[in-house]
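Chains as they are written, first to last, in my numbering: chain A, 27 to 282; chain B, 27 to 282.
What the hints contain is simulated information worked out from the structure, not anything from laboratory work. None of these values were measured; they are calculated from a predicted model. Hints should not be assumed to be uniformly reliable.
Pairs of lysine-lysine residues, derived as DSSO-like cross-links and limited to a Cα-Cα distance of at most 30 Å, are as follows [unchecked claim]: (1) A:80 - B:272; (2) A:119 - A:215; (3) A:119 - A:134; (4) B:86 - B:70; (5) A:86 - A:119; (6) B:80 - A:257; (7) B:263 - A:257; (8) A:272 - A:141; (9) A:119 - B:263; (10) A:86 - B:119; (11) A:272 - B:215; (12) B:241 - A:86; (13) B:215 - B:86; (14) A:86 - B:36; (15) B:241 - A:215; (16) A:141 - A:119; (17) B:36 - A:70; (18) B:119 - B:215; (19) B:86 - A:263; (20) A:272 - A:241; (21) B:36 - A:80; (22) B:241 - B:257; (23) B:263 - B:134; (24) B:70 - A:36; (25) B:147 - B:272.
Number of protein chains: 2
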Amino acid sequence: MVSGIPVTIKTSAKINSIEQSEDNISEHEFSPGKKQGLYEAIYKRRDMRHFITKPIDPEKLGRILDAAHHAGSVGYMQPWNFLVITDPAVKNKIALNFKNANEEAAQKFSGDRQKLYNSLKLEGIQDAPVNICVTCDRTRFGPNVLGRSTVFETDLFSTCCAVQNLWLAARAEGIAVGWVSILSHDQLKEDLDIPDHIQPVAYLCIGHTEAFYSKPMLETAGWAQRLPVEKLIYYNKWQGTPTDFKVYFPDSTKND
Amino acid sequence: MVSGIPVTIKTSAKINSIEQSEDNISEHEFSPGKKQGLYEAIYKRRDMRHFITKPIDPEKLGRILDAAHHAGSVGYMQPWNFLVITDPAVKNKIALNFKNANEEAAQKFSGDRQKLYNSLKLEGIQDAPVNICVTCDRTRFGPNVLGRSTVFETDLFSTCCAVQNLWLAARAEGIAVGWVSILSHDQLKEDLDIPDHIQPVAYLCIGHTEAFYSKPMLETAGWAQRLPVEKLIYYNKWQGTPTDFKVYFPDSTKND
Numbered sequence: 027m028v029s030g031i032p033v034t035i036k037t038s039a040k041i042n043s044i045e046q047s048e049d050n051i052s053e054h055e056f057s058p059g060k061k062q063g064l065y066e067a068i069y070k071r072r073d074m075r076h077f078i079t080k081p082i083d084p085e086k087l088g089r090i091l092d093a094a095h096h097a098g099s100v101g102y103m104q105p106w107n108f109l110v111i112t113d114p115a116v117k118n119k120i121a122l123n124f125k126n127a128n129e130e131a132a133q134k135f136s137g138d139r140q141k142l143y144n145s146l147k148l149e150g151i152q153d154a155p156v157n158i159c160v161t162c163d164r165t166r167f168g169p170n171v172l173g174r175s176t177v178f179e180t181d182l183f184s185t186c187c188a189v190q191n192l193w194l195a196a197r198a199e200g201i202a203v204g205w206v207s208i209l210s211h212d213q214l215k216e217d218l219d220i221p222d223h224i225q226p227v228a229y230l231c232i233g234h235t236e237a238f239y240s241k242p243m244l245e246t247a248g249w250a251q252r253l254p255v256e257k258l259i260y261y262n263k264w265q266g267t268p269t270d271f272k273v274y275f276p277d278s279t280k281n282d
Numbered sequence: 027m028v029s030g031i032p033v034t035i036k037t038s039a040k041i042n043s044i045e046q047s048e049d050n051i052s053e054h055e056f057s058p059g060k061k062q063g064l065y066e067a068i069y070k071r072r073d074m075r076h077f078i079t080k081p082i083d084p085e086k087l088g089r090i091l092d093a094a095h096h097a098g099s100v101g102y103m104q105p106w107n108f109l110v111i112t113d114p115a116v117k118n119k120i121a122l123n124f125k126n127a128n129e130e131a132a133q134k135f136s137g138d139r140q141k142l143y144n145s146l147k148l149e150g151i152q153d154a155p156v157n158i159c160v161t162c163d164r165t166r167f168g169p170n171v172l173g174r175s176t177v178f179e180t181d182l183f184s185t186c187c188a189v190q191n192l193w194l195a196a197r198a199e200g201i202a203v204g205w206v207s208i209l210s211h212d213q214l215k216e217d218l219d220i221p222d223h224i225q226p227v228a229y230l231c232i233g234h235t236e237a238f239y240s241k242p243m244l245e246t247a248g249w250a251q252r253l254p255v256e257k258l259i260y261y262n263k264w265q266g267t268p269t270d271f272k273v274y275f276p277d278s279t280k281n282d
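Same shape as in the complex, but just chain A (with noise of 0.2 Å):
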């Protein structure tokens, strides 16, 4: 490392920097344009609950499987399965199950928290043309799967590095993607006829939008705030929880 501090975080710079730094590409490095590819991906992503009914190509929708598909997997298992669903009847049992879950989940916060957790668009699974559930499959190539001896939930943590990989591949065509984790997992695989051994991990809504979020939605709603990610990072050992993390969330400590 070049000095004692291993890390330099310019967040301000983000995205525009990464032009500056043309002439001095090091091996195996992309480009400044391909790099801002990603990286806007990658800070333009937004959590979406707002759609428009315009179908998707289905060509766009193979890309961002694709893409999914080809996150990396401990031991290569691959545990993912894509459910991917445009059946209104199917979607009603849906936001019925997310409706019931959610007006239990609005329980647990109390006064102003409550009305303005009341008043969030927390999903889009009518709205959208498309839903995904993504799934898990908790068998796969088991008992003994490479790399999954220690930690057996290596598969589940898997599968979510394809829900990221899908995210990002919507972005960058265009298309709009919400999770939706209020949702009891039981009456989901109910309905969807998922059997015991096959773990839903993400339901997500898919579909074109008027705009993009310019922040996370939660933000400018005045639920929470972006961490400073210095903070977050440590150095070779745990250096304690920092005390201030409720200034970024001011209604934490009211969240009971």
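Could you slot chain B onto chain A? The hints should help.
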């Protein structure tokens, strides 16, 4: 949807096909060049075990950590921390942890499969100039986090999305990343002073490399093959487990 078959997979086209769509870009869609940057990162990303000693530019490391930090997180909880490890004494402890866990893991396989397993290089802990342990704070802003009412593991899922962002950003920067999943996480927590409520999710080896693998190492070594993505996509409900997956993992039946 255009037809009853909403997904068209053109895997052979992949990256190069992107350039052909230049004259028909919809709103919000990235330019073909930027899209290519993202797709190249996705398709050329590898789980790497071979590193050279060349140090990592601190600004690059900052960029890849900031990319990780911009993953989506359920309820905007941002539950991750990044422990950046460069101290050789700490690395030695982790390498010993791996050695012990790997000797045990090898016993799960037998015959030729065990011989092949033992020939694989499955970590680069001491070779890589930087190791990063990505952790998940299971209590951050809890107990009631928006979107986590039904699925408690959404904090772990979010952390994995951050890992995938890190991996892709590193690829674009020309930096190799290898996930070491064969570790006792109890021992890892002890060696890194990680308290009970913090869960290690990924232990990553990070550094420059002579060459990125052209295919996943486990494919080149004959351990496993990539599944055909078409067989992983279902419509509107679960459609059973294909019985011919073993064709793609020829030795999977001998795993136990």
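Name the hints, by number, that the structure is in violation of. 1, 7, 10, 15, 23
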